[in-house]
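Throw the hints in and build the complete structure from the sequences for me.
Protein chains in written order, with this note's numbering: chain H, 347 to 857; chain F, 1045 to 1168.
Accuracy of the hints is not assured; some may be wrong.
[Stated by the list, open to error] Which chain F residues stay away from chain H? Per the calculated CB distances, all over 12 Å, these:
hint, residue
1, T1048
2, R1054
3, T1056
4, L1125
[Claimed, not checked] Here are some chain H residues the structure puts well away from chain F; computed CB gaps all over 12 Å:
hint, residue
5, M391
6, A554
7, R700
8, T707
9, I792
10, L805
11, V821
12, A826
[Said to hold, decoys possible] Covered stretches of chain H (chain F as the covering partner; in silico rule of three or more C-beta atoms under 8 Å from a C-beta of chain F):
hint, stretch
13, 434 to 440
14, 623 to 633
15, 844 to 854
Bear in mind the hints are in silico, worked out from the structure with no lab data behind them. In this text, all values refer to a predicted model and were calculated from it rather than measured experimentally. By construction, the Cβ of each residue, glycine as well, lies at the ideal position given by its N, Cα and C atoms.
Each chain, written out:
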Amino acid sequence: MSAPLSLVAVGVVCLLTLILGGLGLRLSRATSDFYVAGRSVSPRMNASAIGGEYLSAASFLGVAGLIYDFGVDQLWLPVGYTLGYLVLLVMVAAPMRRSGAFTLPDFAEARLQSSRVRWIASVLVVAIGWLYLIPQFQGASLVLQHVAGVPGWVGGTVVAIVVALAVGAGGMRSITFVQAIQYWIKLSALAIPACILLALWWRSGHPAPVSPDPSWHLALTPREPGDHPTYRVYSTMVALCLGTMGLPHVLVRYYTNPDGVGARRTTVNVLALLGLFYVIPPIYGVLGRVELPTLPAGFRTDTIVLRLPGLVVGGLGGDLLTAILAGGAFAALLSTASGVAMSVTGVLDQSLVRPWLARATGGDAGMPFGFRIAAAAAVVVPYAVSRLADPIGLATMVGLAFAVAASTFAPLLILGVWWRSLSRRGAATGLVVGACAATLSVGASIVWGPFEGWLGAILSTPAAWTVPLAVLVTVVVSLATPRSVPAGTTRLLVRLHTPEGVDVRRSRPAD
Amino acid sequence: MTTTPPRRVRVTSARRGPTRPAATSLARDLDEQTGLGDVYLEGLMRAQFRLAAIVLGLAVASIGGLPVLLIAIPSVRHLTLLGIPFPWLVLGVLVYPVTWLLAGWYTRQAERVESDFRAALDHR
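Written as structure tokens, this is what we have:
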């Protein structure tokens, strides 16, 4: 039983997060205001931090599980998670940094000068953030259930508490350093056992992976008659490539770059770090099929990463490797969950709790109090849903968050950066239509489905039609309402696109 | 309170050349949103967008073209390189360094567009 070692690893990761969180908070207060400190973060450090926050339980456990389960077509997932940063780089990275906006609602308001669009964007950030948090809690339950045999609710509760404490203390966002370390913890925790497993596999005569299903080996082969793998691949790729820029915790980090040029260089480094990480999960998926050709009953494929060392190595060595992986999985969960929770908390605090508290107490309540209420709400709601809903699969849930982000924020950001005629009404209608289409479609297939054939494919992976729909609605409504194009559009575009070193002081407020 | 203050030291900058003009006239055009400034902004945005479109086009043609290739020529699915099936090799490994190189190229080009723009503003 690997329980004691794994529990120690998980405990160490949790403690480290809390201690570094508290310490980082104090450090950043002692030196200078952390926003200013944030702007001097080098592209390398910042890239590690983005990688640390981005690689979640879905990447650490879910991708390997899906590749184990369904084979080659699931390799598109990590490719999509990575290409999302390429799209972000060429479409919005430098302009977003230059916009001076700190969050997506900030950008929406600055670009469109509309509190209504800001409000819609805030609701969406919270919704997407919650969708993203649910699988993190479920992943935590899964890890602890597997390595320590504790009941399912323990893991999720531990992560929820740690995240709420870390965010409530206000420490997480300031400390780029902690997130940067998390990336390297995750990479080593996944890479070292993978190398050992690969070496053992090679020494044992490198047997080929076995799967009863031909679609596991052969790309784009339907699993069953009504399956449409090619559509699914394209639709998933649209969701992932465009959704990355709309995730609440991603763009926040861009503000810590010194300038637009730094934002681009950071993204190039992020691509290198993600590539380095994402070559590893398929190794677990494939070796899983070597060791366990078929699925035993009651077996969740998400646990294949944690299961392999015990199967291959066994004994103390196996326990040690399992412990390393469990620690890494927890590092993944905690860093992503705290990053997302932080963004959700910020938005909840800004647009809901603070105005409400001000009204209720006449402006007497202090800032930390409202912020902590917001932090609690940001964590409690997805935690409750994760307890009530059946686990749907880590990567599926994350996929839904990506689909919603791609159908809402991607059109808003891309058109906002590149198109002068974007109007308030166009943006607002596009956001609402995109969000409703993506959510209702996936929701229908979760609640009433799964459906067969084309209906199933279109409803469960909707990005291929919801994104064009949202773009079309935004463009058509914008063209139809030229009078609601905000007056300061050109000024903002000057700010977004003019390179550093050109003196445009009226358009670029000091930040 | 009674300690003698440290000797005053004069701090000067070594650089004594003419300071940069407050705002070159074209930069002001850009800032004040005159018609001319608009033309320059439009040109900058178009150049950057064209570059972005090239990168996205390359990505769509290569990665997006892979499923088309696999469907058009089914035998590619069985092709193996170094003992690894072709689609596994491309999606599992090759795509990452290629993406990284493409991103690096884009960044250099985008910075060049920006320095050209700055130069155009300075040398009217």
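Now the hints, each set against the structure:
1. T1048: It holds; F/T1048 is separated from chain H by about 31 Å at its closest Cβ, greater than 12 Å.
2. R1054: holds, 27 Å
3. T1056: holds, 25 Å
4. L1125: holds, 14 Å
5. M391: holds, 18 Å
6. A554: violated, 10 Å
7. R700: holds, 34 Å
8. T707: It holds; H/T707 is separated from chain F by about 43 Å at its closest Cβ, greater than 12 Å.
9. I792: Check passes; 26 Å lies beyond 12 Å.
10. L805: holds, 21 Å
11. V821: With a cut-off of 12 Å, H/V821 remains clear of chain F, as the shortest Cβ separation is near 16 Å.
12. A826: holds, 23 Å
13. 434 to 440: holds (count 4)
14. 623 to 633: holds (count 3)
15. 844 to 854: holds (count 9)
Against the hints set out earlier in the document, a violation occurs for number 6 only.
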